[in-house]
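Colleague: Okay, here's what each chain looks like letter by letter:
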Amino acid sequence: MTLDHPFTQISHTGFVTDQGFLEGPDAARTIGPFVRDKAVRNGDKRFVEVAGRAQSYADIHLNSDAVLAGLQSLSLEPGDHVCLMMNNSVENIWCWFALCKGGILEVPINTAYKGYLLSYIINQSDACAIIIDADLAPRLEPIASELPNLRHVIVNGRVSGLDLPSSIQVHDLASLRSHRSPTYARTQPSDTSVILYTSGTTGPSKGVILSHEANLNLARHCVWLMGYGSDDVLYTVFPLFHINAKYTSVMAAMEANASLVMDQRFSASTFWDKVRAKGVTAFNYQGALLLMLYKQPPRPDDADNPVRIAFGAPCPADIWRPFEERFGLTLVEVYGMTEIAIATENRPGETKVGTAGKESANFWVRIFDENDRPCPPGVAGEIVVRPKRPNVMFKGYYRQEEFTLDAFRNLWFHTGDRGVMDSDGYITFIDRMKDCIRRRGENISSFEVEAVVNSHDAVLESAAYGVASDLSEEEVMVAVVVKEGQTLTPHELLDFCQTRMAHFAVPRYVRFVAELPKTPSQRIQKYLLREEGITPDTWDRDAAGYRVRRE
Amino acid sequence: MHERIGLLRGKGYPLGEHALRYPTEERTLLRLLSDQAASRGDQDWLIFDSTDHLTYREAWEESCQVAHAIEASVGKGAHVGIFLLNQLEFMPVFFGAMLNSGIAVPFNAAARGPLLHYVVEHSDAAVIVARLDLLDRLEALEDLGSVRLVVAVGPGDCPTAIGQTPVVPWSEWLASVPSTPPMTFPDYRQPCLIQYTSGTTGRQKGAVYPHQFLYLYPAMYVDSIGITADEILTTPMPLFHVAALHLIANAALHAGATAHLKSRFSASRYWEEAAQDGATFSIILGPMAALVMKSSPPAPQHRLSRIFCVPPPPEADEFERRYNTRLLWHAFGQTEISPLGMRPDILPGVPRDTLGYPVSWMEYGVVDDHDRLLPPGEVGEIVFRPMRPYSMFLEYYKDPQATLEAFRNFMYHTGDLGYYDEEGLLHYRGRKQERIRRRGENISAPELEYVALRHPKVVEAAAYGVPSELGEEDVKLDVRLSEPVPPAELHAWLVENLPRYMVPRYLEIRDSFPKTPSERIQKYLLQSLPLDRPEVHDFETR
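Protein sequences appear in the order of chains H and Z.
Position in the first sequence (from 1) plus 798 gives the number in our numbering.
Position in the second sequence (from 1) plus 30 gives the number in our numbering.
Hint data in this document are derived by calculation from the structure and do not stem from the laboratory.
All figures in this text were calculated on a predicted structure; none of them were measured in a lab.
We treat Cβ as the ideally placed atom computed from N, Cα and C, and that holds for glycine.
A couple of the hints might just be wrong.
Okay, derived cross-link-like pairs now, SDA-like style, lysine to any residue, Cα gap no bigger than 20 angstroms in a straight line [claimed, not checked]:
no.	chain 1	residue 1	chain 2	residue 2
1	H	LYS1186	Z	PRO405
2	H	LYS1186	Z	ASP398
3	H	LYS1186	Z	PRO344
4	Z	LYS41	Z	TYR449
5	H	LYS1193	Z	PRO430
6	H	LYS1186	Z	PRO419
7	H	LYS1193	Z	ASP401
8	H	LYS1281	H	VAL1265
9	H	LYS1193	Z	ASP399
10	H	LYS1186	Z	ASP401
11	H	LYS1156	H	PRO1114
12	H	LYS1186	Z	MET417
13	Z	LYS545	Z	GLN557
14	Z	LYS428	H	ARG1207
15	Z	LYS428	H	TRP1337
16	H	LYS1186	Z	ASP399
17	H	LYS1156	Z	GLY36
18	H	LYS1193	Z	ASP375
19	H	LYS1186	Z	LYS41
20	Z	LYS545	Z	PRO560
21	H	LYS1186	Z	GLY36
22	H	LYS1186	Z	LEU38
23	H	LYS1324	H	TRP1337
24	Z	LYS428	H	GLU1199
25	H	LYS1186	Z	SER390
26	H	LYS1193	Z	GLY36
27	Z	LYS41	Z	ASP375
28	H	LYS1193	Z	ALA432
29	Z	LYS428	H	LEU1203
30	H	LYS1232	H	ALA1178
31	H	LYS1076	H	ALA852
32	H	LYS1186	Z	TRP391
33	Z	LYS324	Z	PRO344
Derived, one-sided and incomplete: chain Z residues facing chain H with beta-carbon distance under 7 angstroms [what the hints assert, rightly or not]:
no.	residue
34	ILE35
35	ASP401
36	ARG402
37	ARG415
38	PRO419
39	GLU425
40	PRO430
The following block holds chain Z by itself, in its conformation from the complex (with noise of 0.2 angstroms):
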């Protein structure tokens, strides 16, 4: 075995402009944001749905009244839930809670039920603000934690109360308080953010930022890919998720630039959308694109001359002809950690699984199962360990066993299967837990739903081990059917398709798959139905 002496040190992008523009004690967003109240306030920082507008200066003014707003409800260091989706109050009532030297949490805005009470309990929150169209996903909940006041966003009839929580509604609540801005900052060392990772391995995870990450993350988007003020930026995915909010929202606030924000995505509208906004950069999901290829005429006259789109999808090059931009995908970021930042161009004849070089201020490597740091081209676990202090995330939220274990031997362990080459540049094998071992075999879980879902009736699919009366796992593959076919004729298909290890010893046939509220199959929860039910067909045993 060659084990490796010593992580590899990052090849890539320093500190740039952006992010070195305060000296370390003071970067904080909401320094950032009331200089840029002060030097462009009357410019647009965020525009929601083409019609909403918010200038630099009323950004900041709303903050701080959010901030005296919470104070006088519930105190100083509260944790405030935001249940928005992209819309005005969503950033105020961000930096509001980070003014009131507290931490902001968003939930996610398909939260409910069991889900949702988790993160309303467990994140500590007493105040949320919510759109008055979610509320009743709070009432119906068993109760609301140590929530003291909720905040209804929206026209409509606010109720006075959830059980014995007192509602209000949010211009009565801001009512009569002032936006005098605070007399100090808080300290970059300190937690503002709670980000929950969604739960596609059980218990969610709430990442806590300190304020230096939170001012650090766009900050290294803007300074790699080199987003300038005359910019304007789009993109149809929620604040609630780390891609809009780092990318575009707080990444057009260090540029001084303009970003839009969509309540929902319209394959069909998205051209004429950016040529109507004069969008210069968007983030898009590889799903995205392809939907976007199927459905949208041919794009009109436009700027958008750069979309961040991962994974690149396979017909990316007729994509880039077709609508005449191009497609930026060498990047690697996690809720956790922003370790690459962005390259502004394609490296040349490098495979699609390449995410580029480390930042220079980053260790990294690759590891075994035993933590064994790996030499090039193996595949294992991507880690990663900062050489600065306060530049990711500082512990995931009340769960300091899953802290220690993403820490374990002092790297940030990423769940991300990868390897490096000679380069040193780091490539993507998925998600470590999408990783099924099957008599000495990994089997990478999203390749095989790849091939399972060429087959004409599966719309939907998951892959994922099952214990093996051998030892490691047997492949077992789930799969939703536009109309049926015999599950043994789907096995010979698979079969045809497949190379031998890969092929599933386990087929079943469902309706519908359990799902987080982004909308990922929540696999482990069919890891644990047993196998002995009549829906499950085993092709070993005869």
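Bound-form chain H, shown alone (with noise of 0.2 angstroms):
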């Protein structure tokens, strides 16, 4: 394939400082001439095989060009925003780089998402347009006259007669594309570029603001740590729709000049044969992922692969040494959000187990008491973070201006999580302090769950909070107080949640109580139901054999 459009600059990978890294003069700050310098460098080079499917730098420029083309053929227009609801594929690429390129919003959203949280998000984001996998448009037809502003959906695949309101428009996304010219906004970079949805709190999922900087930071900043260069073969199992994949493996790969394979399920069976027959080099984890891996039985040529180092968090202290022993490997475990990026990296060579590491270069990180004072070291208290230079962090939260102010206050980045320095500046991170649950990289709002829960005729009130997994991180666990008079069997209730929350949110555990603890202002004490943890007369879902469907 060959290019078709003239470019003057190229982009080059940052150089070290004492502090860290910088971009170089002639770096690309905003994502769509970042992708055009990179075509311009790669050209025919492989940037990316996902689930099977190959596409080569030039590919992925040329082919978001024409799906701009086709967006613009639809008005719209820089500043727009349009929701992303896709699996991991070629095409959500893409879409992604498309939207950047003609400074459009992008607003990913999770997969598993349905009903209200679906509506939610649409609405909330001020979306105008929606591009969705065929097997997912179908969720948008209960939820289609709560979505006053959305007017166009475009369908990657085969659209089959959708039941939506002549106010929306539908297109199919292969014949929107076009052969035109599109045209390239004239982005700053700090203008916002992507509205990535996070339920890290109580209350509803809240909108994390991105800029083009920002991203590109991420991606070079992970160049950086991990030590990537165009030979590295990246993998990830993770979805485009959260922070990791995008910016540490698709732009951290094109930031190196190297290559990425993208799976959209991780399989503990077949992942070293996958890493084997792809020459991976790195990898993208969390907890579950490595202790699935290492639950794994052993096999003589465990440590004959050809990945080096691998990239994460959390990794549970007792396996660490011992997964990289047994696989050969390097594992860099850093402490970030959608909200920070990395904050904190143990840098290959100055490790210390079961840690997050040191504040990395761009951000300054402090454990604060309750009043914003700095807790000596050894004494938990608040994560906070503060940067160092702009756009590193993330804007606000969308539409949610006081919440915003409340998490910025005294300048600081109040992450809600709670944390324990050492006194060489290492940071442990011990648990979230605010309403959320963490299980298998997902954040579940407790809000949420409960929002389901309560709506069921027969339920007085809940509570949802995390009890620990075996899997590392958490598993969901309700408490139900059941009306007076009415009755509640754990099936039903499950039945009931999973067509109306993604199937992460499913609680595991059902627990059904006479009446919830409270403090006397009538606030449930979550903490007292935590502590009890997986009472005797608690409800496993595994243990009973209850299936939860994906889809």
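Using the hints, build the complex out of the two chains.
Modeller: Laid out in structure tokens, this is it:
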């Protein structure tokens, strides 16, 4: 494939300074020129293989141009907001970069969402269009009447008679693509590229506003930390609707002029075969993934694989070194979140097992007490973060200014995570202070689980909370008070939940109680429930053989 | 481009003796006033126009009384508007509102009409304590927002109501109200004051103070310049502005000193009054100093050894010689933040734009339009970031958008231009909004106005940017003249006296200017007027 656009600037990978890394003077500071420059530099080199389909650097660039031209034929303009609800695919990457080039704000949506949460995000984000995989598109039908601002549904895959109101036009992504030249937006580095929804706290999901430069900074930071080069082959199984795959896999591979292999699912049994077959040199992890790999029966050739390094969090301390030794690689453990990218890092060679490392080049990280004063080493408090440079963190929560200001008080970002710092500056994550459950890399808002459970006719009230999981992080547990005179079985409750919430949020444990523990001001004391944990009267869906469908 | 990573760390004063007098949790001025009343109750704290005396004990007892009166009238936590000049009742109302767990809201005594209505309504004031002779301004408003009671201060006939809102005289309001002190003081992190900034950019913004910031602001000045209990402070500036409030009244409170406040500024009597009062420290503005030099006779014997005066007048040396005093001008403060304190001396050999070194617990820097931190010597917007919590304003009241804009990238943006030198010393280059951007050149509006005012017939001048068809801006100058001058002649004079890039394209001669209550020209209103009016002379089209 040849390039038919004239380009002038080539971006350069950053260089290292005493304090960390800085971009080269000619480095692209917005994503459109970045993708373009990389296509010029790497041309036909393979960039990515997603679920078996390969694309070169030039392919990605030209196909995203074609998608942008198509979107512009629908009169979508710079500043418009467009949702992206897609599984990992090359089309997903085209659409993402098309939006960036056109100055259109991307709103990725978790492909597990449905019902209330889906309509909430489409509306709260002020989106006028959604690009959605064909098999997910029917989820729009039951909520379509609640989407007053949605004008376009662009379907990736075969469109089959969607039942949507006439105010919504349905398009086919493949036939929308156009070979006319698109118009690139004149985007500034601090302009918003994406609103990424995260259920990190109480209340409904929050839209984290990130800029082009913040995205590029995270990619460059990751490349510098991991030492990625053009010979590396990265691998990820994480979804493109989270920060991790987007910026520390796709854009990091691009920044390093490397290649990337992506799958839609993780399989512990075939993982190493895949890695060997594709020549993977690095992959991204979270705790459950490492544990599941570690629990596989040992094989004599475990260490005989091309992987040299892996990026992620949180690795359970007790398997950290054993895992590295068994598989012959280095784990690079960091601490971050959608709002702050990589705030702390264990630089290779300076690792302290069990910690999330020290503050990274672009951030101040501290542990504060409830009055925003520093805790001495060894004393736990809230992890707070400040940027040393502009546009390396999020700008705020979309249309949640009061909430944003509270999180920004005293000009520190309050993460809501509890942690502790040792006298060398290494930080250990302890738990979430906010009312949120962390399960296999997903943040689940207790509020949203309770909202669904409480909407059941037989339920008086409920409390959702996290309990320890044997796969690291947490499992969802719910304590339910049934209305007087009503009956409810755990099966009935889970059947009800399944159709109304993301599969990963459906509780594993259900406990029926006569009443919930409360403070004098009638606030539920979840910490008491959490302390009691999985009681003898708790129903466990895994033990009961109940299956939650993934759709 | 040389981008810096990380802000600079202040090299100036650490917190001093007065700031550290109490542990953090107890840093409120209420606690301080109560202690000063106990230890120096009979001493004068404030003296108004040399005649009305308020001792520390009276101030404390009356504040407690006001707190009870507010609670009885409208309940705990009320917002209280203060529509007073420099007078005895001002500070008791100010602290009384806080002792009732509420918030004090000083109004500009010159405010009227829509600007007054805006703060009355926006501040959610439930009570307004107003001078009787200012009540007509309140009567002229469409409505009084959520105000449920007006308390009238001063002699004369008091109306019973303004619209539906009852009015009571001050003495009646406080009659039979106890002065028992409160059982506890408010939390040092709680809001206590909404201080509105004047609306040169349009909408007025209410900076919300936590108690500790209100406590630290004056303490930093007392500690940095060393004000002692035997000093006498004075100013003609009003208490509803931060300079008189923090640097005179509450600085005296910290030091245990006595402060004189004047209800008006008299250039000709300035030195006579200062000598009579035995003043040792004063605050005036640069233009006031210039007027004093024009109209004041030689100073009588006096003790006024230090005068804080910004910006320093061009004739500062002459002023110091003639009056045998010293001018101090190394300082920087805003309603929102107090990042430097004040130096008690003038650094040798530094230019007049020198502000000084930020305090040791402050981070600072200078940023470009993309918020990138600039290296030494480059002019951009000055930003600050305190290392201590609750030591600057919390937010703009009910304006989260403006707050987030000011806090972007986790730095407080001052709106002031400046640079720092190799030593880290900060220098001031005017308000950001006063910068006109023309074909790649930055033009300082005050600089252009300064030159225009040297024309013998120009009395007032306002320079500002207007949209240019070439992108960026063109320069427009509006002037008021003492007697008619043909526009072409005036323009020719400007061409001769200004660098080429600063010469205004548009010239307009006006009879008057729209102004804020604090007498600043509202350029944003001028900017909103169309250019295709006959009064606007365009010197680039022909």
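Colleague: It remains to establish, for every hint, whether it holds in the given structure.
Modeller: Verification of the supplied hints:
Distance check on the hinted pair: LYS1186 of chain H and PRO405 of chain Z sit about 14 angstroms apart at the alpha-carbon level, within 20 angstroms; holds. Only pairs whose Cα atoms come within 20 angstroms are accepted, and LYS1186 of chain H paired with ASP398 of chain Z is accepted, the gap being roughly 15 angstroms. Under the criterion of a C-alpha separation no larger than 20 angstroms, the hint pairing LYS1186 of chain H with PRO344 of chain Z is inconsistent with the structure, at around 39 angstroms. For the given pair, LYS41 of chain Z sits about 16 angstroms from TYR449 of chain Z by alpha-carbon distance, which is consistent with the 20 angstroms threshold.
With a C-alpha separation of about 13 angstroms, the suggested pairing of LYS1193 of chain H with PRO430 of chain Z holds against the 20 angstroms cut-off. Restraint check for LYS1186 of chain H and PRO419 of chain Z: satisfied, since their Cα atoms lie roughly 18 angstroms apart, inside the 20 angstroms limit. In summary, the hint linking LYS1193 of chain H to ASP401 of chain Z is supported, as the alpha carbons are separated by about 13 angstroms, within the 20 angstroms threshold. With a CA separation close to 25 angstroms, the supplied pair LYS1281 of chain H and VAL1265 of chain H exceeds the 20 angstroms bound.
Restraint check for LYS1193 of chain H and ASP399 of chain Z: the C-alpha separation of about 16 angstroms stays at or below 20 angstroms, so the hint holds. Annotation: proposed proximity of LYS1186 of chain H to ASP401 of chain Z holds, straight-line Cα distance about 11 angstroms (limit 20 angstroms). Of the supplied pair hints, the one linking LYS1156 of chain H and PRO1114 of chain H holds, its CA atoms being roughly 18 angstroms apart against a limit of 20 angstroms. Proposed proximity of LYS1186 of chain H and MET417 of chain Z is supported: the alpha carbons are some 13 angstroms apart, at most 20 angstroms.
With a CA separation close to 13 angstroms, the supplied pair LYS545 of chain Z and GLN557 of chain Z stays within the 20 angstroms bound. Proposed proximity of LYS428 of chain Z and ARG1207 of chain H is supported: the alpha carbons are some 15 angstroms apart, at most 20 angstroms. For a cut-off of 20 angstroms, the pair hint linking LYS428 of chain Z to TRP1337 of chain H is broken: about 48 angstroms separates their Cα positions. Annotation: proposed proximity of LYS1186 of chain H to ASP399 of chain Z holds, straight-line Cα distance about 17 angstroms (limit 20 angstroms).
Simply put, LYS1156 of chain H and GLY36 of chain Z have alpha-carbon atoms about 17 angstroms apart, close enough for the 20 angstroms limit, and the pair holds. In summary, the hint linking LYS1193 of chain H to ASP375 of chain Z is not supported, as the alpha carbons are separated by about 41 angstroms, beyond the 20 angstroms threshold. Distance hint between LYS1186 of chain H and LYS41 of chain Z is fulfilled; the C-alpha atoms sit about 19 angstroms from each other, no more than 20 angstroms. At most 20 angstroms may separate the alpha-carbon atoms for a hinted pair to count; LYS545 of chain Z and PRO560 of chain Z meet this at roughly 19 angstroms.
Note on LYS1186 of chain H and GLY36 of chain Z: the hinted pairing holds, with a Cα-Cα distance of about 4 angstroms set against a maximum of 20 angstroms. Distance restraint check for LYS1186 of chain H and LEU38 of chain Z: the Cα-Cα separation of roughly 10 angstroms lies within the 20 angstroms cut-off, and the hinted pair is therefore satisfied. Taking the CA atoms of LYS1324 of chain H and TRP1337 of chain H, the gap is near 18 angstroms; set against the 20 angstroms cutoff, the hint holds. For the hint linking LYS428 of chain Z to GLU1199 of chain H, the alpha-carbon distance of about 11 angstroms falls within 20 angstroms, and the restraint holds.
Taken as a hint, the LYS1186 of chain H and SER390 of chain Z pair is honoured in the structure, with Cα atoms around 18 angstroms apart against an allowance of 20 angstroms. A distance of roughly 18 angstroms separates the Cα atoms of LYS1193 of chain H and GLY36 of chain Z; the hinted pair therefore holds under the 20 angstroms criterion. The hinted pair formed by LYS41 of chain Z and ASP375 of chain Z meets the criterion: a straight-line CA distance of about 16 angstroms does not exceed 20 angstroms. Proposed proximity of LYS1193 of chain H and ALA432 of chain Z is supported: the alpha carbons are some 14 angstroms apart, at most 20 angstroms.
Taking the CA atoms of LYS428 of chain Z and LEU1203 of chain H, the gap is about 12 angstroms. The hint holds against a cut of 20 angstroms. Restraint check: the Cα-Cα separation between LYS1232 of chain H and ALA1178 of chain H comes to about 15 angstroms, which is no more than 20 angstroms; the hinted pair holds. For the suggested pair LYS1076 of chain H and ALA852 of chain H, the alpha carbons sit about 12 angstroms apart, so the restraint of at most 20 angstroms is met. Restraint check for LYS1186 of chain H and TRP391 of chain Z: the C-alpha separation of about 16 angstroms stays at or below 20 angstroms, so the hint holds.
Only pairs whose Cα atoms come within 20 angstroms are accepted, and LYS324 of chain Z paired with PRO344 of chain Z is accepted, the gap being roughly 13 angstroms. This hint holds: ILE35 of chain Z has a C-beta 5 angstroms from the nearest C-beta of chain H, less than the 7 angstroms allowed. Given the 7 angstroms rule on beta carbons, the hint for ASP401 of chain Z holds: about 4 angstroms separates it from the nearest Cβ of chain H. With 7 angstroms as the threshold, the beta carbon of ARG402 of chain Z comes within range of chain H, its nearest partner Cβ sitting at about 6 angstroms, so the hint holds.
About 5 angstroms separates the beta-carbon of ARG415 of chain Z from the nearest beta-carbon of chain H, less than 7 angstroms, and the hint is met. Interface restraint check: PRO419 of chain Z against chain H, minimum CB-CB distance 4 angstroms, threshold 7 angstroms, status holds. Nearest Cβ of chain H to the Cβ of GLU425 of chain Z: about 6 angstroms, under the 7 angstroms cut. The hint holds. Look at PRO430 of chain Z: its Cβ gets to within about 3 angstroms of chain H, closer than 7 angstroms, so that hint holds up.
Going down the numbered hints, you'll see the structure goes against 3, 8, 15, 18, while the others check out.
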